[in-house]
Amino acid sequence: MTAEPRPASSPRRSGYLLIYGILAALTAAEIWIATLSLAAAVRTPVFLTLSFFKASLVAAFFMHLKSDSRYYLLIFLLPVAVVVVFGLVMLIR
Amino acid sequence: MTQDAATHSGTFAAGRALGLDHLKLGTWLFLASEVMFFGGLIAAFLHYKVNSPSPQAGLLSVPLVGANTFVLLTSSFTVVQGLAAIRRGKRGGLMAYLALTILLGAAFLAGQAYEFSSLYREGVTLQSSVFGSSFFTLTGFHGMHVFTGLVWASSTLLRAARGHYSAEDHGGVEVFGLYWHFVDIVWIVLFTIIYLV
Numbered sequence: 010m011t012a013e014p015r016p017a018s019s020p021r022r023s024g025y026l027l028i029y030g031i032l033a034a035l036t037a038a039e040i041w042i043a044t045l046s047l048a049a050a051v052r053t054p055v056f057l058t059l060s061f062f063k064a065s066l067v068a069a070f071f072m073h074l075k076s077d078s079r080y081y082l083l084i085f086l087l088p089v090a091v092v093v094v095f096g097l098v099m100l101i102r
Numbered sequence: 069m070t071q072d073a074a075t076h077s078g079t080f081a082a083g084r085a086l087g088l089d090h091l092k093l094g095t096w097l098f099l100a101s102e103v104m105f106f107g108g109l110i111a112a113f114l115h116y117k118v119n120s121p122s123p124q125a126g127l128l129s130v131p132l133v134g135a136n137t138f139v140l141l142t143s144s145f146t147v148v149q150g151l152a153a154i155r156r157g158k159r160g161g162l163m164a165y166l167a168l169t170i171l172l173g174a175a176f177l178a179g180q181a182y183e184f185s186s187l188y189r190e191g192v193t194l195q196s197s198v199f200g201s202s203f204f205t206l207t208g209f210h211g212m213h214v215f216t217g218l219v220w221a222s223s224t225l226l227r228a229a230r231g232h233y234s235a236e237d238h239g240g241v242e243v244f245g246l247y248w249h250f251v252d253i254v255w256i257v258l259f260t261i262i263y264l265v
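Chain order of the listed sequences is F and A.
Heads up: the first sequence begins at 10 in the numbering used here, then just goes up one per residue.
Heads up: the second sequence begins at 69 in the numbering used here, then just goes up one per residue.
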């Protein structure tokens with residue numbers, strides 16, 4: 010099977026290194042924040058935001074969703090949206 | 069050409085018209101089903117975490133699992149570097165990065181096995197409590213996915229060693245990468261909801 014040509018906006022090797030550096034830094038920040046005695050009302054949104062940002066970076070750049078077909082993005086995000094709604098319903102009930 | 073064959077041919081052409089590679093499309097659909105699979109487990113874990121908080125959650129080690137998270141993030145980096153290498157036609161680079169990925173994935177599983185055994189020694193087991201059940205089910209299934217990824221990586225490495233893949237033909241490497249990065253994303257979410265929040 011022949012692969013599709015690399016999209017023009019696909020990152021180069023230095024771009025991947027930069028993304029990895031950001032992911033590593035965010036993970037280090039998470040571990041550091043976990044050592045602080047923050048109230049749950051503060052730490053929960055902070056950790057969820059950091060997690061969302063990290064997952065988005067991996068999907069956008071390592072999985073190339075930023076530069077690949079929008080159909081792949083739709084296929085991936087639709088069940089994510091369903092799961093988020095389902096999770097919220099489970100928490101509320 | 070029979071009518072069935074003509075219909076299939078038309079469907080195939082329609083897929084091409086969308087600019088989609090069928091192997092990648094199938095992989096993304098598989099990953100969509102995996103989102104639903106892990107979504108159910110995560111929702112159940114969150115439900116119990118919020119409604120029946122357990123003191124056993126205090127036994128979890130953030131530094132140990134944080135280090136394991138670094139290992140898995142690094143393995144995602146080596147996978148994407150391997151893909152970049154074969155896109156430049158460097159099969160040796162692909163093989164080196166795949167070998168590194170296998171080592172890092174195995175290190176992650178070793179770290180998880182150490183964590184599991186530590187928790188078992190503390191009395192947290194699959195049957196001991198709702199926390200134990202939901203924790204081991206969720207992280208255990210993720211670990212099984214990492215193990216599957218290791219088998220897939222080994223198979224891809226073996227194919228590369230036999231002369232498969234090139235700058236023009238590297239779809240097999242790309243879909244393996246999609247799976248591995250997805251497993252990484254799942255861990256990013258699990259690390260947050262199990263150990264940090």
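Rather than coming from a laboratory, the hints here were simulated on the basis of the structure.
Hints are supplied without guarantee of correctness; some may be wrong.
Claimed, not checked - Computed from the model, here is a short list of chain A residues facing chain F with C-beta under 7 Å:
no.: 1; residue: Ala-100
no.: 2; residue: Met-104
no.: 3; residue: Ala-111
no.: 4; residue: Val-118
no.: 5; residue: Pro-121
no.: 6; residue: Leu-128
no.: 7; residue: Val-130
no.: 8; residue: Ser-144
no.: 9; residue: Phe-145
no.: 10; residue: Met-163
no.: 11; residue: Ala-164
no.: 12; residue: Leu-168
no.: 13; residue: Glu-190
no.: 14; residue: Ser-196
no.: 15; residue: Ala-235
no.: 16; residue: Leu-246
Stated by the list, open to error - Derived coverage of chain F by chain A (criterion: at least 3 residues anywhere in the stretch with Cβ under 8 Å from a Cβ of chain A; other residues may be distant):
no.: 17; region: 59 to 66
no.: 18; region: 78 to 87
no.: 19; region: 91 to 100
As the structure is a computational prediction, the values presented were derived from the model and not from experiment.
Glycine included, C-beta positions come from ideal geometry on N, C-alpha and C.
Would the hint on Met-163 (chain A) be counted as holding, given a Cβ-Cβ threshold of 7 Å to chain F? violated, 17 Å
Can Glu-190 (chain A) be said to touch chain F, with a Cβ gap under 7 Å? violated, 20 Å
How about Leu-246 (chain A): closest beta carbon in chain F under 7 Å, or not? Hint holds; Leu-246 (chain A) Cβ to chain F Cβ min 6 Å, cut 7 Å.
Chain F contact restraint on Leu-128 (chain A) - CB to CB distance below 7 Å: Violated, about 11 Å.
Does Met-104 (chain A) pass the interface check with chain F, least Cβ-Cβ distance below 7 Å? Constraint on Met-104 (chain A) satisfied, holds at 5 Å.
Close enough to count: is the Cβ of Pro-121 (chain A) nearer than 7 Å to one in chain F? Violated, about 11 Å.
Annotated coverage of the region 91 to 100 of chain F by chain A, confirmed only when three residues or more have a Cβ within 8 Å: holds (count 6)
Verify this for me: three or more residues of the region 78 to 87 of chain F with a beta carbon less than 8 Å from a beta carbon of chain A. Per the Cβ count (6), the hint holds.
Take the shortest C-beta to C-beta distance between Phe-145 (chain A) and chain F; is it under 7 Å? holds, 4 Å
Chain F contact restraint on Ala-164 (chain A) - CB to CB distance below 7 Å: Ala-164 (chain A) check fails; min Cβ-Cβ to chain F is 14 Å, beyond 7 Å.
Once the shortest beta carbon distance from Val-118 (chain A) to chain F is found, is it less than 7 Å? With a minimum Cβ separation of about 6 Å from chain F (threshold 7 Å), the hint on Val-118 (chain A) holds.
Hint check: 7 Å Cβ-Cβ cutoff, Ala-100 (chain A) to chain F: holds, 5 Å
Checked against the numbered hints given earlier, this structure breaks hints 5, 6, 10, 11, 12, 13, 14, 15; the rest are met.
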